[in-house]
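Required output: the full structure, derived from the provided sequences and hints.
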Amino acid sequence: MAIGDLYFWIFAGLALLAGIRVITSKEAIYSALWLLTVFISLSALYIHLRAPMIAIFQVTIYAGAILVLIIFVLTLLTRPDDKMGEFQHNVSFRGFGALTGILSTGLMLVMITGITEIVKKAPVPADLGSTGSFAKYLLNNYLIHFEIASVLLLAALICAIYIAKKDKKAVTQ
Amino acid sequence: MAKPVVEKKYSFLDSIYLFEILKGMVLTMRHFMFNFFASFRPGPHTIPTTWQYPEDRREISPIFRGEHMLMLDEQGRELCVGCGMCAKICPAKCITVEMAKVKEGEESKYAGKTHCKNFNIDLLRCIFCGFCEETCPKSAIELGQGYELSRFTKEECQLGKERLLKNYHWAKKNNKLKPKKVEAEQPKDKKE
Amino acid sequence: MIDLIIALIKVVGIWSFTLGVAAVMTWVERRGAALIQDRPGPNRAGLFGILQPVCDGIKLFTKENIVPEKADKVLFNLGPIMFAIPAFSAFAVIPFGDRIIIGGKEILLQISNIDIGFLYIVALGSLAVYGVIIGGWGSNNKYSILGGLRSTAQLISYEVPWGLALLGVVLVYGTFNLREIALAQQGTFLGILPNWGVFHQPLGFILFMVAAYAEANRVPFDLPEAESEIVSGYHTEYGSMKLGVYLFGEYVNITTLSALTVTFYFGSWHLPYINMASFLGDGTIIYGIASFLIFCLKVSFFLWLFVWVRWTVPRFRYDQVMKLGWKSLIPLALFNLFITTLFIQIKYYIGG
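Residue numbers (this note's numbering), protein chains in the order written: chain W, 1 to 173; chain B, 174 to 365; chain G, 366 to 717.
No wet-lab data here; the hints were simulated from the structure.
A hint or two may mislead.
[Stated by the list, open to error] In silico SDA-like pairs for lysine to any residue, Cα to Cα no more than 20 angstroms straight-line:
no. : chain 1 : residue 1 : chain 2 : residue 2
1   : B       : Lys351    : B       : Leu338
2   : G       : Lys712    : G       : Phe700
3   : G       : Lys692    : B       : Lys196
4   : B       : Lys349    : B       : Pro360
5   : W       : Lys26     : G       : Pro679
6   : G       : Lys688    : W       : Ile161
7   : G       : Lys438    : W       : Ser31
8   : W       : Lys136    : G       : Val535
9   : G       : Lys688    : B       : Tyr183
10  : B       : Lys290    : B       : Glu271
11  : B       : Lys196    : G       : Val439
12  : B       : Lys181    : G       : Pro679
13  : G       : Lys692    : G       : Gly528
14  : B       : Lys196    : G       : Met574
[Unchecked claim] Distance windows between CB atoms, simulated:
no. : chain 1 : residue 1 : chain 2 : residue 2 : range
15  : B       : Glu279    : G       : Leu416    : 40 to 46 angstroms
16  : W       : Tyr142    : G       : Thr427    : 57 to 63 angstroms
17  : W       : Ala65     : G       : Glu545    : 53 to 59 angstroms
18  : B       : Ser188    : W       : Gly132    : 38 to 44 angstroms
19  : B       : Pro177    : W       : Leu74     : 47 to 53 angstroms
20  : G       : Gln551    : W       : Ser133    : 55 to 61 angstroms
21  : W       : Ser133    : G       : Leu412    : 33 to 39 angstroms
Glycine is no exception: its CB is placed at the ideal position from the N, C-alpha and C atoms.
Written out as structure tokens, the structure reads:
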């Protein structure tokens with residue numbers, strides 16, 4: 001096995017193991033830390049696919065901002081004797097979860113067979129993954145997607161500020 | 174009358190705060206440079222406010238109540254007669270005294286007819302109040318100027334007779350004995 | 366194969382250099398602080414107290430390692446590790462000097478010369494938050510959690526102006542690669558000023574310095590770990606070597622930030638108007654050593670600046686810190702970016 005394949009198997013295995021541990025950990029913070037491991041292994045897999053920019057974005061945005069926010073919420077807003085187990089004993093929840101899991105796995109298998117057909121036939125440009133080509137495609141071919149994403153983030157920001165802002169009249173009562 | 178509180182108005186340069194930081198840094202650098210060159214000069218107290226301990230020691234006043242010593246008179250005889258008054262009056266009960274009669278051939282060592290066979294002060298209990306010095310009828314015990322009294326084991330903190338006498342010899346050599354007590358002059362007309 | 370050996374030698378060399386610098390920094394901090402405050406500082410352990418870090422290291426190793434009973438053992442032990450790893454990893458892309466050519470083989474004085482060096486630094490800056498928050502939570506102590514959350518909020522607030530100020534430099538030099546930014550700072554522009562980052566981006570430099578002090582949790586932003594305010598914050602419950610790793614990690618963080626300041630803003634190994642490569646010979650060993658020494662000199666000036674400012678300025682209150690970060694630094698950083706792009710466009714149109 002070449003060293004590239006070994007690299008892939010190690011990080012893919014780590015990502016799967018960590019993913020399983022995310023949903024089977026008893027403590028919430030442990031799940032968050034296993035999720036961090038998932039993100040970092042995914043980042044390593046992106047480097048293997050010759051996309052260093054996406055790898056760094058994965059670490060910066062997912063592991064560096066979103067996961068920090070999740071950990072903030074977990075440390076600030078959980079009660080110490082939160083009984084998550086109550087949800088696990090409910091039969092209808094478990095049945096619904098199983099059904100959703102099977103359906104989404106089936107969907108993913110269908111998608112994978114479809115994608116391998118497309119990827120085998122696409123030509124690979126010479127400067128795949130470099131900063132210049134990334135910027136060129138993002139700001140020329142995919143500009144509408146970029147602008148809509150930024151407007152969406154702005155809308156979310158404004159909603160969050162509005163929800164968090166206290167009503168001044170109610171406070172002075 | 175309290176002064177009324179006035180809100181301080183900051184000028185534009187003050188509110189940027191960077192220039193204030195730079196001014197502060199100039200001041201700090203001046204202190205640093207002065208002390209940096211001072212640290213190379215040999216001798217005591219070069220850096221303004223610190224006394225470097227083993228080399229510079231503070232002056233002790235002559236009436237300081239420090240480590241105890243047993244006194245000798247002018248002919249070198251021990252003054253202590255082993256009466257035990259100091260042990261009776263000690264508030265912390267740290268003195269242990271045993272009296273013994275002076276034997277025939279040892280007249281020259283002791284000033285009185287009896288002497289103290291064992292004399293022990295437990296420094297871990299002593300509160301250095303000076304009552305033993307005030308009450309001794311022969312002025313045989315005095316509190317001297319020793320203050321470096323830490324030791325490593327409990328046994329070393331018991332002042333035996335030899336150590337007490339050694340303190341006296343050291344103090345006499347270094348000229349740290351207290352001046353002789355002089356009776357204050359009584360006023361001429363006590364009764365009106 | 367020979368590349369692997371060279372890379373290993375560089376890794377070991379730079380790692381021990383970093384640890385040595387952090388150890389000497391403890392001495393510099395204590396003695397510098399003392400001399401500013403009119404007292405001598407450590408001067409008994411060796412001449413001028415230079416062996417004091419050795420004594421401190423021995424003391425930290427031999428102290429008892431106490432883990433609080435109700436604390437989460439995994440998280441408690443993981444905190445210092447997660448704090449130290451991003452601090453050390455950032456040295457992988459910083460150029461320590463120019464290259465050495467031995468027998469036709471070019472050896473760069475930098476562990477890895479990746480094309481996205483700047484983004485790697487920003488990513489590690491984001492990961493530095495974890496050590497604080499996990500250490501604070503794992504201690505099972507109210508003050509630790511408060512200190513950890515405050516410190517985390519301060520760190521993530523100041524990452525934005527930090528990244529934006531550095532982005533200005535990246536725009537001016539046109540590349541993410543750290544070695545090319547260092548190389549591009551040769552020569553002069555506008556006739557008399559050297560081509561350093563600080564002259565291209567003076568406002569960006571000030572923003573970067575302020576944000577760097579906040580990122581390193583140093584005064585005036587050290588409320589989360591101040592002893593008189595919150596009983597040492599997130600490292601209250603740590604003793605012995607774990608505390609040693611936190612304190613060391615803080616000094617390594619400071620060294621990283623000083624090295625970044627020198628690389629981006631102060632012309633990494635270039636002297637102001639002299640082109641050293643021309644009279645020392647480009648690629649000789651002596652040129653490599655000279656560039657390394659110049660880099661170290663500049664980094665040590667910035668390390669001294671960290672100590673100097675610490676004992677000059679009082680610490681900010683927490684709401685003042687947040688107000689400064691969000692209301693002053695971010696608008697200024699965006700303004701700086703706007704002005705930079707304006708100038709670049711004007712230069713593009715004039716230059717043709």
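Structure-based check of all given hints:
Restraint check for lysine 351 of chain B and leucine 338 of chain B: the C-alpha separation of about 16 angstroms stays at or below 20 angstroms, so the hint holds. Among the hinted pairs, lysine 712 of chain G with phenylalanine 700 of chain G is consistent with the structure: their alpha-carbon atoms are about 18 angstroms apart, no more than 20 angstroms. Annotation: proposed proximity of lysine 692 of chain G to lysine 196 of chain B is violated, straight-line Cα distance about 25 angstroms (limit 20 angstroms). Straight-line distance between C-alpha atoms of lysine 349 of chain B and proline 360 of chain B comes to about 32 angstroms, which puts the hinted pair past the 20 angstroms bound.
Between lysine 26 of chain W and proline 679 of chain G the alpha-carbon distance is near 44 angstroms, which puts this suggested pair outside the 20 angstroms criterion. A C-alpha spacing of about 16 angstroms is found between lysine 688 of chain G and isoleucine 161 of chain W, which places the hinted pair at or below 20 angstroms, so the restraint holds. Between lysine 438 of chain G and serine 31 of chain W the CA atoms are separated by roughly 16 angstroms; this keeps the pair inside 20 angstroms, and the hint holds. For a cut-off of 20 angstroms, the pair hint linking lysine 136 of chain W to valine 535 of chain G stands: about 17 angstroms separates their Cα positions.
For the given pair, lysine 688 of chain G sits about 17 angstroms from tyrosine 183 of chain B by alpha-carbon distance, which is consistent with the 20 angstroms threshold. Distance hint between lysine 290 of chain B and glutamate 271 of chain B is fulfilled; the C-alpha atoms sit about 5 angstroms from each other, no more than 20 angstroms. Of the pairs offered as hints, the one joining lysine 196 of chain B and valine 439 of chain G is violated, with about 47 angstroms between alpha carbons and a cut-off of 20 angstroms exceeded. A threshold of 20 angstroms between alpha carbons decides the hint, and for lysine 181 of chain B with proline 679 of chain G the separation of about 19 angstroms falls inside it, so the pair holds.
About 16 angstroms separates the Cα atoms of lysine 692 of chain G and glycine 528 of chain G, which keeps this hinted pair within 20 angstroms; it holds. For the hint pairing lysine 196 of chain B with methionine 574 of chain G, the CA-to-CA distance comes to about 17 angstroms; that is within 20 angstroms, so the pair holds. Range check, glutamate 279 of chain B to leucine 416 of chain G: Cβ separation about 56 angstroms, and the 40 to 46 angstroms hint is violated. Distance hint for tyrosine 142 of chain W and threonine 427 of chain G: a CB-CB separation of about 60 angstroms, consistent with the stated range 57 to 63 angstroms.
For the pair alanine 65 of chain W and glutamate 545 of chain G, the beta carbons lie near 28 angstroms from each other, so the given range of 53 to 59 angstroms is not met. The hinted window of 38 to 44 angstroms between serine 188 of chain B and glycine 132 of chain W holds, with their beta carbons roughly 43 angstroms apart. Hint check: proline 177 of chain B to leucine 74 of chain W, Cβ distance near 50 angstroms, so the stated range 47 to 53 angstroms holds. About 28 angstroms separates the C-beta atoms of glutamine 551 of chain G and serine 133 of chain W, a value inconsistent with the hinted range of 55 to 61 angstroms.
Hint check: serine 133 of chain W to leucine 412 of chain G, Cβ distance near 58 angstroms, so the stated range 33 to 39 angstroms is violated.
Figure legend: structure checked against the earlier numbered hints; hints not met, in rising order: 3, 4, 5, 11, 15, 17, 20 and 21.
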